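In the order they appear, the protein sequences are chains A and B. Residues 1 to 269, numbered by my numbering, are exactly what the first sequence covers, in order. Residues 270 to 389, numbered by my numbering, are exactly what the second sequence covers, in order.
None of these hints come from the bench; they were simulated from the model. Worth double-checking, as some hints may not be accurate.
Derived CB-CB ranges, DEER-like [what the hints assert, rightly or not]:
| id | chain 1 | residue 1 | chain 2 | residue 2 | range |
| --- | --- | --- | --- | --- | --- |
| 1 | B | F281 | A | I141 | 55 to 65 Å |
| 2 | B | F291 | A | H225 | 32 to 42 Å |
| 3 | B | K363 | A | D105 | 17 to 27 Å |
| 4 | A | T126 | B | K312 | 36 to 46 Å |
| 5 | B | F291 | A | V243 | 19 to 29 Å |
| 6 | B | S364 | A | P5 | 51 to 61 Å |
| 7 | B | L280 | A | S82 | 35 to 45 Å |
It should be emphasised that the depicted structure is a prediction, and the values quoted were computed from it without experimental measurement. Using N, Cα and C, we set each Cβ at its ideal position, and we do this for glycine too.
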Amino acid sequence: MKEVPVKIQHNNNWIVVKMGIGDDRIILPDPFNKEIPFRTVDDIAEKKNVLIITVKTDTETVYKILSVEKVLQVLKKLILGSCNAYRLMAYFMSPAIRGGVMIKDAQWDKGSVVVVRTGIWFISATKQVCVPVNDVAAIEIIKRDVQGKSTDVIKIDHLDSGEVSSSLVLCPLSTLQVLYNYLKETTKSMDMKGTELDSIEQQVAMLVYSGMDSHAIENMLNIPHKQLDGIYDKILNLGLGEVVTIRREIQLTTKGVRYISDATKSQTN
Amino acid sequence: MGKILIVDDTLFMRTLLKNILFSGGHTIAGEAGDGDDGVAKYKELKPDLVTMDIVMPKLNGIEALKAIKEFDPAAKIVMCTAVGQEQMVKLAIKSGAKGYIIKPFQAPKVLEEVKNVLAS
């Protein structure tokens with residue numbers, strides 16, 4: 001058992017503790033006094049240098065662990081190897097395509113694919129890549145040239161820093177379909193019927209993606225503000241967007257008109 | 270800032286690109302709705318840069334790119350492509366395209382690519 005200093009969130013504060021790391025569990029000292037077998041870990045996610053692990057026994061407890069990259073790498077490797085997840089040995093390329101173009105020098109890594117509640121992890125001796133389920137845009141089985149042979153692989157399109165990237169998974173054909181079905185099921189909450197937005201609503205969504213504000217969209221599509229507002233409501237209700245700014249239109253009161261009139265007079269006199 | 274020719278078969282995409290390019294201070298030399306018209310407009314307008322859609326009627330983007338490059342080897346052409354068309358992008362770059370932008374467009378990325386290609 002090795003001991004490493006880490007920060008763990010406790011009652012909204014970060015406290016420094018010496019965490020014990022064993023082959024099949026971690027031990028959190030006072031004030032936690034907890035032994036966490038890796039097999040009880042139900043989910044694992046990472047945000048910057050914070051590892052978020054969800055432990056499920058009779059109750060569900062979330063631990064946020066902050067540490068240096070080296071320690072987190074060891075922890076991730078151990079937890080992902082034994083936690084409650086769907087995992088299989090596979091070759092993967094992540095990311096393989098960014099912005100529609102194959103990444104130069106992208107290579108197949110031999111390792112495993114671990115699917116937990118909130119993410120799809122690609123693990124090899126040198127790589128630990130997580131694709132959050134919420135960032136998955138599409139999953140499909142495609143034909144790919146692998147060592148000169150047309151081979152079935154799973155392509156996972158996901159958002160990476162606002163850009164669509166694709167990762168590829170290669171495994172025996174018998175398990176490929178099982179993995180595909182599992183991934184589809186895991187990311188089902190992100191699925192949408194193509195018919196949920198009509199043509200004009202799709203155009204609005206695309207313009208929002210392109211960075212246009214409401215004023216520009218109204219002008220481009222030649223639609224009144226009220227119609228755009230209704231489309232925004234639909235996009236918001238479908239969970240496709242979120243409000244970032246509420247713009248207001250005002251008219252002047254009598255006091256305001258008087259102020260402007262006076263100001264104009266003093267400028268022209 | 271440059272004088273740009275937009276070649277795309279959908280009015281919506283042309284309008285969107287026009288708005289993005291205007292917001293970056295560029296001027297629009299002209300628009301074309303297919304590859305044939307794109308090549309003709311290039312010869313007529315001599316723009317600083319062309320944004321060229323790939324999938325278009327009559328002459329597709331790759332063929333139009335080749336025709337423009339034959340007329341003017343120094344032409345600066347940026348291909349517009351959808352996600353999943355990586356083979357097309359490879360072919361376009363091989364055929365002389367200077368860059369590419371991905372649909373759906375994101376204004377900052379479009380402007381950055383246009384700026385880089387204009388400066389090249």
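These are the hints, each one checked on the structure:
{"no.": "1", "hint": "B:F281 - A:I141: 55 to 65 Å", "verdict": "violated (31 Å)"}
{"no.": "2", "hint": "B:F291 - A:H225: 32 to 42 Å", "verdict": "violated (22 Å)"}
{"no.": "3", "hint": "B:K363 - A:D105: 17 to 27 Å", "verdict": "holds (18 Å)"}
{"no.": "4", "hint": "A:T126 - B:K312: 36 to 46 Å", "verdict": "violated (52 Å)"}
{"no.": "5", "hint": "B:F291 - A:V243: 19 to 29 Å", "verdict": "holds (26 Å)"}
{"no.": "6", "hint": "B:S364 - A:P5: 51 to 61 Å", "verdict": "holds (57 Å)"}
{"no.": "7", "hint": "B:L280 - A:S82: 35 to 45 Å", "verdict": "violated (56 Å)"}
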